[in-house]
Structures are given as structure tokens and as C-alpha cells.
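> Given next are the chains, with one letter for each unit.
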Amino acid sequence: MGSKYRFRSLNKYLNPINESLLAGAIGLAIGAIIMVGLGYSPLDAYSSLLRGSFGSVYSWAESLANATPLILTALTFAIAMRGGLFNIGAEGQLYIGAIAAVSVSLIQISAPFHLIIALVAAMTAGALWSLPVAILKLTRGVHEVISTIMLNWIARFFAFYMIANVLMDPVRGEKTISIAETSRFARILPGSSLNYGIVVSALAVLLILFLLWRTTAGFELRAAGHSQESSNYAGISYKKQVLRAFLLGGVLAGLAGAVQVMGRPPTYALISGLPQMIDLGFDGIAVAMIGRNHPVGIIFAAIFFGGLMVGGRMMQMSAGVPLELVRIVEGAIILALAVPELKRIFYVVRKKFARKEQRGGN
Amino acid sequence: MRIFRIKVAAILIALVALVGGPFIGTAVAAGKIALVTDVGGRGDLSFNDMGFKGADEAAAEFGLELVSIQSTSANDYLPNLQMAAKSGDFDIIIGVGFLLADAMAEVADQHPDQKFAIIDVTWLGKPNLMEVGYEENKGSALVGALGAMVAAHYGYDKIGAVLGIEIPVLYKFEAGYRFGMHWGNAKYAAVTGKKADVGLLYKYTGTFDDIAQGKIATEAMLAQGAGLIYNVAGPLGIGDLEAITEHLEAKGKTAGPPFMIGVDANQDWMGDGERVLASMMKRVDFGVYQAVEAVVNGTFEGGVQVLGPNNGGIKMSGEAELADFITFGINGGKITESDRGRITDNWLAMRSAVPSWIWDAVDELSAKIGSGEVEVPCVWCADSIDQIRADWPDNVD
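These protein sequence lines map, in sequence, to chains A and B.
Add 1329 to a position in the first sequence, counting from 1, and you land on the number used in the working numbering.
Add 2 to a position in the second sequence, counting from 1, and you land on the number used in the working numbering.
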């Protein structure tokens, strides 16, 4: 009995890993077929992909640098998902967080405080941008998918406005003022993009891990995610739970924007059109899916995802695969990896609707 | 249990395949150049396509292998350059565009033995980095002069400029265009004996990517009677041209005037070859080619190379380049091969409708600028733009 139990609990962890590896292999196979079809060598391409992403200390550093903001935006999505909510607002919240972080560089503060204040400002800004989502949901019943998509666009154009008109660099109009030296994350490996911002991401993972599985608030959130009705019945406040999920998500996404602009060399400024920020929030959703909405899974998924981005460079450089094809192959792998979690989400959603239909309401 | 074992075996195979991958070697060829572009790669019909054109030509001429590395986002600039430099495979690494400047400065410092070049940047100052800058003010003077003379010829009293974000780099364009307009007015009066009083409408739209702003600005200028619009905001030219096309359609016409003046690339083929009179060409291909040539000939050195009208780095578009850029348009999917003949014919008709003395006058100005006989403001006018605006006024009531 005992050994069987142990085996089962091991299986609980192995199963998702199994699934992911199988999905990954399928993704690689699809990518390989596409490349063969278009006349490129998948062997060359994948070996350079791997060399580029994890073949040296430098490439590890770059992969980790890419993972840094993705971990945070993935956590934003995962927390909401754990609570049964579909938060795709990280994209906009991270723009706002980054704008807040840059704004703090308009004033001069001494070294450690400047960085801390910038981070706090970004977290606050992210949470504030997330607040309307929760309020709209609670008071008017607006679905979070709708409101976050809208707020993402508003955030984007607000950021464009701020970059061009308020925070602009007087000499170089294509970017904002640079983050003050006192408010930057130092680099870990010279020459690479990896910086101490990753510590912020790591701390966030630990915090969320603790929060979700070691606190009442986390238990309530997960309970609501499992079954809204039984958690209501158990007296867990729906209002509190929605607010928690969105505000915490906003804090994390705001941090992602801050960490990216304060840590990622060499410009330390927002560039007009937000080219260093765009899609970090949506990529975070993919990362959360691959990582099964679990903080630990997210770490691995983010590093994997970050590695794909870095390795794609090597695919271009030494295997001669054009960037467009690199992205197609990456997309195939990511999509395959997200399938198991997508399946689960669809299952949950279908069950929800089925129950509503049975009740005869909508 | 059996299924479990199969799963474990599958995992092991997957892992071996993954880990074994990197040990499969790849051949390294001698004589390689790397071209690192920003987020737009081939097919932008402008800056990057021209960079590729220069690199392709140089690679073919000197028998080199060209490796291009396109960036997916601004986050890629540094690692793209870094990885190319670390590989040690390349005789020269060329960055196309000023957005790569910060990353280039850092990587060039870290790899003092690697040769680098960067296009459209002049302020870094590294011994192993060739910086290629362009005299856009001089090119803008040429199209300003053309614009004033053509507008006067067709009975318009204004020309326009739709610019991007108000930054010192764009003052170069504005200053040159102003100067050229006044030169053109004087020339028109001297040749025809009629007074030419063409004035300038200009607008900084505050964007380099919101095409609608180009259209709005152009519509306003056309309504005020502008006969020609200079696009100084890259992609906004699409909006400028759209406004001109609709303006003409309302009159039941397809051919200008009013015309647009293209920028950076040869954009004459756009608008069916009958609405873009000329382009102020910034020969990115020329800069890239020169950098590679210098490395091949052993004459490479760090510092700024200035390309202008006197060495062909800046010029007004002519018939010679039209075919190349029609090809870009075809490759970019904007037009098809069957359009080539019509566009070329339209373009030739458009050009020959303008009196030949005007084209001669532009050539004359170009030669005088090249020889230094005519001096065009300004190289860096962050401080002097107000003075320049006073010296060469708008001429509009």
C-alpha cells in the first residue's frame, strides 16, 4: 500500500513532465517537417538552436535574461488562472509599470532607494491599471477578457503618448530619458543582458509559491478556482478573491515592465513603439501554459522560452534559416507544449457551461 | 506499468537527442560578413532592403558569404551583435540603422580586434568601428529646389514637408529643404523672368509609424494649396501618398501634380510611377558596400565616413535606380512584374512633363553643393534651427 502510494505521488509529478516532453518532441517533429519541406536541414537548425540557447555560459545568460520578465508576466496569468479567472492584461500593465519606472528617473534619489522607489512605483502602477478590471467585473459583470484587452490598448497608446511627449529624451526623440544610474539593475555577466532583475523574478516565484500553498488567501484563491460554487458555499468571499487575483497580477506585471527597462542593457530607456516590451505579456501566457500555471513549472518554461528566442539567432546565423521560419518552428514547438494545458482549460470551461445549462440559466 | 516504462524510454530518447545535438559539427566558411538589421528585415522597401542590396553586391563582388541576422525586438540588438562578434567568424559585422547604436558602442568596445561598421550613426568614435553618416541636408536642398521650381511651374504657391518626431536629426532635412526652396525660387525667377514666391508648409507629426498622421497632415497641406509634399517620416509616406491620390481622384485625375517626394529609398515607383516625382535617396547600400570594400582592400579604419552628393552617397533619384526599386516592390509583394512596364512609362512621362531646364538646375545645384560653392545649412542644428527658420523663412502669410 505504502509503496504504491509513493509511486502514485511520484507519478503525479512525472505525468505532466512526460506529457510535456512528448508534446515537445511532437513540436520538434512538426518543425523539422516544415524545415525539410522548405529545404533546410533540421539537424543543423536544431543543433544550432540548442548551441545558441544553452551551449555556453553566455547563451545561458541570454536565455535567463529573456526569462526574467516572462516569469513575472506568466505569474500574472497563472495566479488568475488558479483562481478561475482569465487575466490577459499583463501586456498593458507591464507598459504602465515600465512608464512608472522611467518616470521615477525624472527625480534624483540616492542609490538603493532610487531603485526601490522605482520598483514600488511600477508595482503600484501595474496594480492600479488592473483595478478597473476587478471593479468592472464585480460591479457590472464585465468579463475580464474584454476589459483587459481594452485596457491593453489604452495602456499602449498612453505609453506612446508618454514616450513622445512627456518622458522624451531631448536629444534623441526616438526614446525616453534613460533610467538613472542609481536606479538600474547591475549586470551579472559582463557583456550579456543578464542582470540582477532576475533576482526579483526569483523572489516573486518564491513569494507566490508560499502564498498559494501556505496561506489562507492562497487556499481561498485555489478553492475558488476549483469550484466557484463550493467556495461560495464555504463562505469564501468572491469579491476579495477577484480583487486579490487581479491586483497581485497587476503588481507582478508592473514589476515585469520595470525589471525590463531598469535591467536590460544597453539603452535603459523606452523606445518609441515599445519594441523591447511588446508581446512580453502575451508570451507570458504561453509560458504559463507550458509551465502548467505552477510557479516552479513557470521557471522552467520561461527559461525554455527564453532559450528558444536566443537560439533562434543561432539558427539564423549558422544554419541560415530565415527569421520568419525560425519563428514558425518556434511557434510549432510552443503550441505543441501548450496543448496539454489548453486541453485542461477547455475541459474546465466546458464543464462550467454544461453546469450552467443544466441549471437553465446563462 | 508497461506504459510507464515506454514513457520513460521515450523521455530518455528525447533527452539523448536533445543533448547530442550540439556535438554535430557545422562547417565554417572563410570570408564572411554579417549584416545585423533592426526589426524590419528584407522587404521593408527602404532602409533594410538597401542595406541588403549593398551587402549582396559586395558579397558577390568579393566572393564572401553573407550572413544576415534580423532582430525580433529591440532586446535582440545587443545579443545579436554580441553573438556575431563572439563567434569570431566574421571579417566585418555591419549594423544597419541608428537604433543599434547603443548596442554597437558596447560590443565594439568589448571586441577591439573585430571590425564593425554602422550605418546612420556618427557619434560613437571607436577605433574598430566605421560609422557611416549621410548629408541629408544637402539632399533635402536638392529636392527643396526641385519642389519650388516645379510648384511654380504648375502654378502652385506652396510646398509641404511632413516630418516625423521633432528631433535634431530631422532639423537637417528641414533646414536643407528650406534652403533649397529659396534657391529654387531665385532660380525660377532668373530663368523665366517671372517672380516665384513658393512658400513652405511643414508639420512635425510626432510619429514615425502612425501612417494616418501622414495622411492627415498632407490633406491639410493640399487644402492650403501645396503642390508637392516631401515625406520625411519613413512609412508615413504611404499616408502622404494616399492623401495625394484621393485628392487627385476627386478631380478625376491619377497623375500629379500635386506630387510627393520620397525619402531614403527610391520611392518613385509608388503611386504607379506618376505621383512621386523624385526621392531624396540615402544610399545605405553604398555605405554597406564601402565598409566591406574597405575591409577587403585592407583600408578599413574607424571613424566617421560622410556620404553626400559629391561621392554619390546622397542623390536625387534617377532612371538608373528605378528598375532596382521596382524589383524591391515586386519582391515585397506591393506590385507585380506586369506593372513594371506601365510604371516605368508613367515615370518617364511624369519626368519629361517637367521642363528640362528644371532638371538641369537641380544638377547644377548638386554640382555646386559637391564642389563647396554652395553651402547648405546645417550639420547639427539643435541650437541653430530658429536662426535658420528666420534666415530662410516660410514665405507663407
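Some hints could be false.
[To be verified] Computed far set for chain A versus chain B, every beta-carbon distance over 12 Å:
id, residue
1, 1482
2, 1527
3, 1548
4, 1568
[Unchecked claim] Stretch-level coverage of chain B by chain A, calculated; a stretch enters the list once three of its residues show a Cβ under 8 Å from a Cβ in chain A:
id, segment
5, 51–62
6, 81–90
Think of the hints as simulated: they come from the structure by calculation, not from any bench.
C-beta atoms are modelled at their ideal positions from N, C-alpha and C, and glycine is treated no differently.
> Over 12 Å from every CB of chain B: does residue 1568 (chain A) meet that, or does the non-interface label fail?
Label holds. Min Cβ-Cβ 38 Å, cutoff 12 Å.
> Find the nearest Cβ of chain B to the Cβ of residue 1548 (chain A) and say whether that gap is larger than 12 Å.
holds (32 Å)
> For residue 1527 (chain A), which was marked as not at the interface, is the minimum beta-carbon distance to chain B over 12 Å?
Non-interface label on residue 1527 (chain A) holds, nearest chain B Cβ at 14 Å vs cutoff 12 Å.
> For residue 1482 (chain A), is the shortest beta carbon distance to chain B beyond 12 Å?
holds (14 Å)
> Taking beta carbons only, do three or more residues of the segment 81–90 of chain B come closer than 8 Å to chain A?
As far as the segment 81–90 of chain B goes, the hint holds, because 7 residues have Cβ atoms under 8 Å from chain A.
> Within the assertion that chain A covers the segment 51–62 of chain B, do at least three residues meet a Cβ-to-Cβ distance smaller than 8 Å?
Since three or more residues must qualify, the claim that chain A covers the segment 51–62 of chain B is violated, with 0 doing so at under 8 Å.
Checked against the numbered hints above, the structure violates only hint 5.
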